[in-house]
Structure formats: C-alpha cells, structure tokens
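Please model the complete structure; the sequences and the hints are all you need to start from.
Protein chains: 4
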Amino acid sequence: MVGRARDFGLICGSLPPGPLNAITDVAGVAVGHRTLRDTGILTGFTAILPHRGDVFREKVRAGVEVINGFGKSAGLMQVAELGQIETPILLGNTFSVAAGIEALVGRALAGNPEIGRSTGTVNSLVLECNDGYLSDIRARRLTVADAEAALDAAAGGTVPEGAVGAGAGMSCFGFKGGIGTASRVMELDGRSFHLGVLVQANFGNAGDLVLPDGRRPVPAADAAPPAPERGSVIVILATDLPLESRQLTRIARRCGAGLARLGAFWGNGSGDIAVAFTTKAPIVHHEGAGIVPLDVLNENRIDLPFRAAAEATQEAVLNAMLAAPDTHGRDGHHRPSLADHL
Amino acid sequence: MVGRARDFGLICGSLPPGPLNAITDVAGVAVGHRTLRDTGILTGFTAILPHRGDVFREKVRAGVEVINGFGKSAGLMQVAELGQIETPILLGNTFSVAAGIEALVGRALAGNPEIGRSTGTVNSLVLECNDGYLSDIRARRLTVADAEAALDAAAGGTVPEGAVGAGAGMSCFGFKGGIGTASRVMELDGRSFHLGVLVQANFGNAGDLVLPDGRRPVPAADAAPPAPERGSVIVILATDLPLESRQLTRIARRCGAGLARLGAFWGNGSGDIAVAFTTKAPIVHHEGAGIVPLDVLNENRIDLPFRAAAEATQEAVLNAMLAAPDTHGRDGHHRPSLADHL
Amino acid sequence: MVGRARDFGLICGSLPPGPLNAITDVAGVAVGHRTLRDTGILTGFTAILPHRGDVFREKVRAGVEVINGFGKSAGLMQVAELGQIETPILLGNTFSVAAGIEALVGRALAGNPEIGRSTGTVNSLVLECNDGYLSDIRARRLTVADAEAALDAAAGGTVPEGAVGAGAGMSCFGFKGGIGTASRVMELDGRSFHLGVLVQANFGNAGDLVLPDGRRPVPAADAAPPAPERGSVIVILATDLPLESRQLTRIARRCGAGLARLGAFWGNGSGDIAVAFTTKAPIVHHEGAGIVPLDVLNENRIDLPFRAAAEATQEAVLNAMLAAPDTHGRDGHHRPSLADHL
Amino acid sequence: MVGRARDFGLICGSLPPGPLNAITDVAGVAVGHRTLRDTGILTGFTAILPHRGDVFREKVRAGVEVINGFGKSAGLMQVAELGQIETPILLGNTFSVAAGIEALVGRALAGNPEIGRSTGTVNSLVLECNDGYLSDIRARRLTVADAEAALDAAAGGTVPEGAVGAGAGMSCFGFKGGIGTASRVMELDGRSFHLGVLVQANFGNAGDLVLPDGRRPVPAADAAPPAPERGSVIVILATDLPLESRQLTRIARRCGAGLARLGAFWGNGSGDIAVAFTTKAPIVHHEGAGIVPLDVLNENRIDLPFRAAAEATQEAVLNAMLAAPDTHGRDGHHRPSLADHL
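Protein sequence lines correspond, in order, to chains B, G, Y and E.
Residue numbering for the first sequence follows my numbering, beginning at 1 and increasing consecutively.
Residue numbering for the second sequence follows my numbering, beginning at 343 and increasing consecutively.
Residue numbering for the third sequence follows my numbering, beginning at 685 and increasing consecutively.
Residue numbering for the fourth sequence follows my numbering, beginning at 1027 and increasing consecutively.
A portion of the hints provided could be inaccurate.
Claimed, not checked - Chain Y stretches covered by chain G per the calculated footprint, using a threshold of three residues with CB under 8 Å from any CB of chain G:
hint : segment
1    : 924-933
2    : 959-973
3    : 981-987
To be verified - What follows is a list of derived Cβ distance ranges for each label pair:
hint : chain 1 : residue 1 : chain 2 : residue 2 : range
4    : B       : V218      : Y       : D1015     : 46 to 52 Å
5    : Y       : R900      : E       : L1214     : 53 to 59 Å
6    : Y       : P1009     : B       : D331      : 55 to 61 Å
7    : B       : H334      : G       : A631      : 31 to 37 Å
8    : Y       : G795      : G       : G556      : 46 to 52 Å
9    : B       : E287      : Y       : G898      : 49 to 55 Å
Simulated from the structure, these hints should not be mistaken for lab results.
Glycine included, each C-beta is placed from N, C-alpha and C at the ideal position.
Here it is in structure tokens:
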C-alpha cells in the first residue's frame, strides 16, 4: 500500500515538518500536474508557481546548483547570473523542454504586452528527466497544451505525489519513482519560517538505496536490468526565509547531500539540478528606484536552512517513491513500488 | 558600400588570417543560413556544423564561457559538464530556441533509432540574441522548418555575412549588426593550425564602439535611442588544434577580450556566450574501449590560441557590422550601416 | 580499542578495497606525518607526495571541488585553472598555511634553480582545518621545520591514522577526528586500477553521524557542547586511472557524497575541499613538444571512479575516527573516541 | 616626465573621475606602501584598508572574479563563498604571500582575543604578482614586518603610484609597471556614488599595448625580450554603492574588460584577479539578529558600475605605467617608462 515516508516510520533528520509536509507549506506556492497515460506512454508536466501573481512582473530571488550537469534544462544560466526567476517552473521529460518553453513564453507574452517591445524578453525555466525506460519518449507526446494544463491546475494545499505529472514515468533506484515533496519548519528569533522541497525523482542504481534506518531494499532483477544510470533528479526548493541569491545558491547545494544520504553518487548520466527560491522581497520588473531595501539571513544562521534542505530533499524522494505504485510501461518494462518492499 | 574589415584597412592583432578568413578555414566546419524578411520581420537561423558526419555519433570536444549569463540559450550546461557537443549548433532569436531544439532533436532521433531506447537522450545546442528592435519578435515566426532549412543549407567555403540568417535583425553599437566570421593561422612545431570564429553580433551601446585604429564612429541619434543594452552576442569558435575541454574553456574565455577591445563591457542585459570546439579527436558515442588516446596542446603554448581567439572575435564582429547594410525594421526602427560611417 | 572501520564490521559500499585500503595503494604515493603534542597543543602537518620525483618538474594532472569554501587553503585557484599540481600537498591547521607555503616554496627553489630566473614561480598547495577546539591554535606553534619534517617522513606502505600529523587536533561529529585513508580497486577492460583517499576529518555536528549500518552514535554532552560547526574536512584523492583534469574535477565532487552519507550537510563554517590527482601522464615542466599525447577514461565509464570516490571518502572518515583515541586537549576540552561507542 | 594618464591627454571612457581620481575617493578607504630597494631588489607590499575600523569585526561585502587563475593569492575561496572580506588586503610578490598571511593573522589575533577560542579563525586576503624580472624574487626579502609597515602606512588622500610598494618591481607590456589608481563618479537617483580601482599592473606582452587614442607604443627590444608572459595583474575595486555580493562579483568581472581594452588577452601565465567590495552595510561579526536589513542596487541600473569598473581599471593601469620611471633591475634587466614614449 502506498503512503508517505512517515507512514512507514521513516524519518529524515531532526527538524519538524510543516503542516502539509509539502512545498506548499511555503505560503503562496502552488503545484499543478498534467499526466498522460496511454499505451506505452507514461509522462506529464508538473508546474510550480512561486506565487499567484505574474512572475515576470514580480520575480523571485533564486539560486541554482548544478549537482551534475548531464541534463537539458532551459533557463538556468540566467537564474545563476541574475539570481532571479521570472516565470513559473515547469518539470517535464527530456523531449518536452521545447513545449514547456513555448507555453511559458506564450503566457508571458499574453500577460505582458511590453515584452519584445519596450522591455526585453523572458527567461523560461523548464527542467526535465528522461522517462524513456517506462514511456515512449521518442513519441514526443507532450504538447504546449499539456504544459498549459499543468500551469492551470496549480493549487496550494496537498500535493499529489508519486506517478503523477512529470513523475508519471520516473524510475528511482530500480523502483518506481515520481514526484514527491516534504517541508521543514525553522525557528529563528522567535518566528517560524518554512522550507519546502519538491522533487522529480528519476535517479539511482538498483541496489544503492539506503533508508534512514539503514535498510537497503533491492528490487527484483527483472525490474532493474544492469545498466548505466540515465536518470536525473530535479529538486525545487521554496522558502519564506529572507535570503540573497548567493545564500539561495548555497542552500540549493545542500539538496545534493539529501540525495547522497539515500545512496546516490550523482551518476554521470544523471542530470541532478537544484533550484531554490524565496518568496520574500520579490524583484519588481518595472522598479523605479535605483536602490531597493532587502532583508537577508544572518550568514551565521544559515546552517538552519542547510539542514532543512538536506532533510527535506531526502524525505521528498522517499515520498515520491512510496507514493508510486507498481508500474508496467512500454515494451514490458516494469518498476516495482518501494512500498511493496517495506 | 559594405565589405569586410580588411577592405576598410582595419586589422585586428598580429596573427595571419586563414585563406577565407572564416570559421570554415577549419576543415569540415560548415555554415548555413535561413533568413526571414517580411513586413516588420527580419529574423532567421544560422547553423554551424562541426563536421559533416552525425554529430551525435561523433561528438566534438568543447568548452563554454558564459561572459554574461543574461540569455536563454539551451544546452550549455551539459557542454560544460561533459566537455562535448553532440548536435549541430543553431543560432536564432530569443523566442526561436524551442523551434531550434525541436529541429535538432528531430534530426537526432531520425538518425539514431537507439536514442530513447537503448541509449540516452540528446543535448541540443541552440543559442540566441534578441532581434526585437528591428523585428517583431512577439510574432514568433521562426519554425522548426526554418531551423531545418538552416541546417540543410550548411556548406563550407565563403560564409555569407551581415544581415543574413540569425544576423538578419541584429543591432551592434547602434549600427546594424549581424553574422560575421574571421580566422587565424597558428604555427606550432612546424605545422599550421587554424582557429575560426563566427559571431552573432547584437551588443554594445551607441557611442561605445572603438575601431582598431582608435576611431569611434557614432550613429545618428535616431538610430540609437538611449536605452539600456538588451542585446547579446554569441561567439562560436572552431579549431583544429588538439585540445582537452578545459583548454577549450580557457580559449572560449578570451573571446570576451575581443569584445572588450571593441568597447563592450558585457552589459547587464546582454547574453554574451562563447562556445569553443575542436574538430580533433571526436568522441565516439558507442566507444567500446575503457581508455581512449588523445592529443592535447602543451599548456605552455596556449597563448597562441588565446591571442587568436581575441583577435578573430574582434575582427568577426567588425565583419558582421561592415557586411550589413543600412536597415529599416518594424515600426520605423532604423539601424545605419557602419560601412557608411567609415 | 581503536581500529579500522572493517574491524568493526563497517563496510562502505560495494567495491573492493586495495591491499592496504589506503591512498598508498596508488603506486608512488607517499604520506608523512609530523605531530606536535605539548601542554594545550595537539597539532601537526601531514604531507602527501603524488610521486617520489620532483613534482615541479613532473606535475600531476588534478581537479578541485570546493564543497564549501569556508577555508583558508592556498594554491587551489591555480590547480583549478591549469588542472595540475606542482608541489607535494601539505595538510595543517588554519594558522599553519604560511609555514606550509614557505616550506614548499623553499624546497622548490632549492631543487629548481631556474624558478624566478628563467622560468616562472611555483604554486604551493596547503590545505587546513581548524584544530582550535583541542589545541591552542593562537599559539601558532607549527613552523617551516615541522612542515619539512612531514615532507621528509613521507613513505609508502601503511599510513598511520587517527590523531597523528594534521589529524592530531581534529574533531568529527563530536568525537575525536583525525587522518584516515581508504582505497578501492576498479576493474576496467581486464585491468585493475586504484583509487585512494586520505582525509583530514574535522567536521560534523554531534548527533548527526550515521554509520553504514544505520546506527547513530552520539557522544556525551560534555564532549559536544552545542555550537555552530567550525570544522572542515580535506579530502585528497589519488588514482592511477588515466584522466583529464575535467574528469578529475568531476570525481573530486563525489567525495562530497561520501561525507553526506555520514550525516554531513557541509555546514557553513566547514571548509570542505576535495583535491583529486592522477599519477598517470605527468606534465613535464620543460616539455618541448607543442602537442603531447594523453590517455583518458571513456566518459561512459566514469561511474566507476565516482562510486569509488564516494565509498572511499566515507570509509576514510570512519577510519580516521576509529583510529583516534579518547583525547583531552586545551582548557579541559575533551573528545571521546568513536571506537569506544561501538 | 612621469605623470598621470589625463596629464598626457589620455581619457578612458565617458564617466567623470572623482576628486582624487583614486580608490580613496571611496570614503574610508586607505592605501599604504612599503617599498624595498636594494641591489637587485625592487619589491614591496601595498595595503588597502576597506575602512579604518577592525575589518574582522566589521567585514565588507565583496565579490571575486578570477580572470585567469595562474596565481598564488590567498583567501579568495572564502571571499567567493561568503561574499565578504574580513582583513585588510595586501598586495605583494609571489613569494611574499606567506609573510602577508602571517601579518594579517597576527593583527587579527591581537585585536580579537576570541579568535581561536570562542569564535572561528580568520581569512587573510593576500594577492601577488611575480616581480622576478626586475627583482631577485628568490631572495625572499619581504618579511612580516614589511607587511605590517604597509598596513601602518595606510592613509586616505592621494595615493602614491608607479614603482612603489608592491609596484616596485612590476613590468607591463614591456614597460615599467607598478601601482595605479583611478575612480569614477556615478549619478543615481540624484545622489553621487563612487567607484575606485587600484591595480598592481604586471601583465601584457611588449607590442600589445593600445592606448585609448589608438596609439601603440612599443618598448625597445632590449627592454622586452621575447618571452611568454609570466606577469599578472591584481585589481582591487572599492565602491560606496549598496550592493549584494553577487552584484559585486558581476562588477569585478568587468575589470577584465578594462584590461582587454589595453591589449591584454589574459595570458596563460598571468594571474589576473579582481576583487570588489562595498563600504556600505558592513557585516557585523557578532551580529545577534537572525535577519539583517540591506540596501542593494536595482539590477537594472548595474550597467553604471559595470561601465565605471571597466573605465577605471583601464585608466588605473595607464596611471601605474605613466607614474613609473625608467628602471634598471637585477642582472641588467631594464624596463623603460611609458611616459618617455609618449
């Protein structure tokens, strides 16, 4: 029976989770899925909205960590340079990046008539994993309309996990992977702050998974043919801590520690990317003032979000796996559910 | 009358150019253009083929330098991680990146049935500048077919320069920009090696241009309304020197010196990117051996390609500008030709 | 009773260790210690020699990963730029970096009269951790002579571990830390290659340590006062695999995964650095040829050293801790031995 | 007759200089020199104080750009990670880095008894160029006392330029190099901000120098034997603009454009480093609050300091060269003055 890590007694680290134990514990963040299931097709898009306004007009401060750059994501270079995100974030499969870009550009153009006229252009943020083991990725079935459907489905509250949206065709340590999420609450100066993570988990070799209690579940051989890792994992981290982009970059890096604790070594063929943003102090596109005020975390306290990032990433991956059922895909390919092995 | 920099007596640096003074002086490299001209539309694609074979099967060693990361290019992250390019390179406008990806993915899938089945996916390399000053970029007129047309047009020999292909709508220092190319011959141990550069030149503020002889031509005010730079410049560098990817990255960085010599300071809104590859020692996708031999340049001699990279970049930009005629674009926008100011 | 991880039944990962399970399993690599023990003083130097020749004349190919840059190491910038190491490597405490530089410069000048005359200068490589919890670091007791003593003591064979050399004053997860080492054998194309790691382990918060079997030993409260991490960990990785420097950089990065598996999140105040080098294809300082041949690993096989790097790092840290006895230092500070808690 | 660039009619760019046209136009910044002149010895230290207080207790926000990493500077890694500087900055020669570290550590320990006891350690910032062409660098004549003398000499007001302090033994484009400085005033929202640069100029091949007016002065052959560049250039940039460290890093990068405009291509053997800091919003070491307020520049206005950085760097190098007289050094080595060639 599928569930969440804590339902199985698996606790990652020491910080308390938020009310939903989800990225949506960060106020304003919304998640939407579009899932395609057809013969030989298990794929989809997942959208993460940093807030409910127009992200082009109110950009969010962000940082990027390329844990291993074997990937085809679009938009990361500008996020790293400017420390900001100016569209919703889309997760899809490797060959859906173009459709994702088109959807985000289309929405930005529709909402901002000045783009390409009196102001510059727009940087779409689309990340991806390869779902070709379970799904016919050569069919290139994901369309602009599918990306738009994921964006339109975005909502706060409980986040559907497992084999949904961009998680439909994922594999993880030889088991079924998918979308998962988790969060942590951080107490600072008497106030509570939140840090949430959402992962698209498609990484890890069969036999390498280590649970927080030391168990090492291994899928049956038929589900995990020996092969070099050609997965990937995307980690999206949201927080309501006030941070500058350099700090967000440092925090994003710690998501890699969460992956390593599960047994990953960030394999050659795995595009492992973490993107972190804060909902605090958005950057106004048409800002008139030359100098703008900003609150930032005292760097001496940054171990708190570092710890939260590692813990939430580790738990989000387990949530992705434990929510995903035993799945048969294209050409007889099969991924068992981790939940059936606990 | 348009021409090339040397026709105007402008010499950049001290190394001799190759026979064509073009990126195609590097044996095997081919360039193709697809240009769209219509009411309010001046745009296009330019394709650079590292060699005439299947680039997925025989990848070229490469390095990337992000001079300023305000840009929407696709594929750079994996080039940086793996030090290799596995598709032809497409240059287009900012909103044509998705079409470019689709074209490259389509070609790679058609030529390699194992992609997405028994092997991984493919990393498309598409770079861009914003041609929105002269062309209606919101119209999103460039299609997958246009990208394919540029790829199909690729040929060796003389490279059409100026307002062609992805250079159709470019602006540069308030003048008309475009596509330009130049090359240098490098003597080493009694052998001749070649280094060629192709630029998509769309950067620089009016009034900042400095010619190699110290002149500072300025366009008339109507052609250069005061505005923050929202340009970009893409530099593609090819060589037949044997190099490892770290060396190619170092060489790519020196393209920025060539830009700065023209008066650029790599403005905030300018996505300035250099990609360098060598045609030597391609990486075989289905390589069976665990260890592969490679020749590399003695690092003590690397000033030679450093110098060539800076000189050829500087000259390629001048060639792009001097080949481009006085041009009127959308909504009465106008860019004069630098050639008319010399 | 102190010992090594395998003596306690602790196995990290799946690859087999080399004969010594030490960095000295890589032929030619030598390690030497100089330890200072006095009232309130527990400190020292550890030297790693990539080979027994003059490293300035025969440099080794290398890569660097700055896992967390809160550190005062000297020499890393040039290693990253040139992909080469040209002196032995010294590990010391934070305030001994200058003494380490002086020792390495002195040796290089003595052995190479052309330095500073007909050739350039020399890049010393000195890394450090803060041993101020157990030792009086303000006393600045380590001298150039101590660094030279460590260099002179360098030998192959079994490596003394635990509270020796630069490990004398280390702390790790609230326990006594120190110097540790481990290795892995990698089979490729019917040949055996070796990868060895040596760590200076001084990182981790009490309560965060996770053993490979899932146990979580916690030191008594007196030994682990709650405090922000001000440790660090240095990882030196040697291999006889033929690699280019970009590959070595990728491999160095995976040492961070080994640390994370132990419970680290690469804390703010912890300078976590990995340096990787190969003994294959040294770079001859006075190389006359313009082009030099090189063998490199097929990138498709790089998961093998990735896995070895993560496993050996994890095990080397455990070896460092388990070899170190219960230790009392300055001002009543105390670190218990992990070996006493298993 | 020596002088400054503007005395010779050489103007770099378009922004106005500050009252002193020096880094000391940024309020609080102080510069001090210690020069050693003896038979065969032309060397020294130059100190830059970001402010007159204890820099460990009030750190300044900073960014680093490694233009070319062939250098032996100490302290840059931590500046890049934390975005802050916590000691004065010392410039010296390549083999004086250890003495510089010792001086800075000694001062920090003396002023802050809690270092190494209740708080962590301290990150010294020492940068260097190789003065071995004119001076006997193997003699290692610079001592801790010399570094302290430079620190003690630090003052505001006019900065001595040319062959003083760390500039004593510098060479530049085959001419005598040295220490130079320049500044720019930037108007923003009706207020004036300042950006100043100080360079230690020791780079460039004879024959490559280009003046802002297009002239290309070349030293006589005896002064510029053909040889690979083994120089370096250090650029220290100070400003009173409010900036976050990511912005300072972007600004530091533009110093490289100033160098390139002079004809540099950032040669292989040249350690070209830029460090930028702001005097605004210092970071309090013992900060108690978890969240701290900060003003930052609107990123859309960052072209202003970009331009200022490039211009001031270019002019500071010319000032360094034009202030330096014809100089004879060790073993008959000779560098003519650029001022004698205009």
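Status of each hint after checking the structure:
1. Counting residues of the segment 924-933 of chain Y whose C-beta lies closer than 8 Å to any C-beta of chain G gives 4; at least three are required, and the coverage claim holds.
2. Under the rule that three or more residues need a Cβ within less than 8 Å of chain G, the assignment of the segment 959-973 of chain Y holds, with 3 such residues.
3. A count of 5 residues in the segment 981-987 of chain Y with a Cβ less than 8 Å from any Cβ of chain G is obtained; the coverage claim is therefore met, three being the minimum.
4. Separated by about 49 Å at the C-beta atoms, V218/B and D1015/Y satisfy the suggested range of 46 to 52 Å.
5. A hinted range of 53 to 59 Å for the beta carbons of R900/Y and L1214/E is consistent with their spacing of about 54 Å.
6. The supplied range of 55 to 61 Å is met by P1009/Y and D331/B, whose beta-carbon atoms lie about 58 Å from each other.
7. The hinted range of 31 to 37 Å is satisfied by H334/B and A631/G, whose Cβ atoms lie roughly 33 Å apart.
8. Taken as a hint, the range 46 to 52 Å holds for the pair G795/Y and G556/G, whose Cβ atoms sit roughly 48 Å apart.
9. For the pair E287/B and G898/Y, the beta carbons lie near 51 Å from each other, so the given range of 49 to 55 Å is met.
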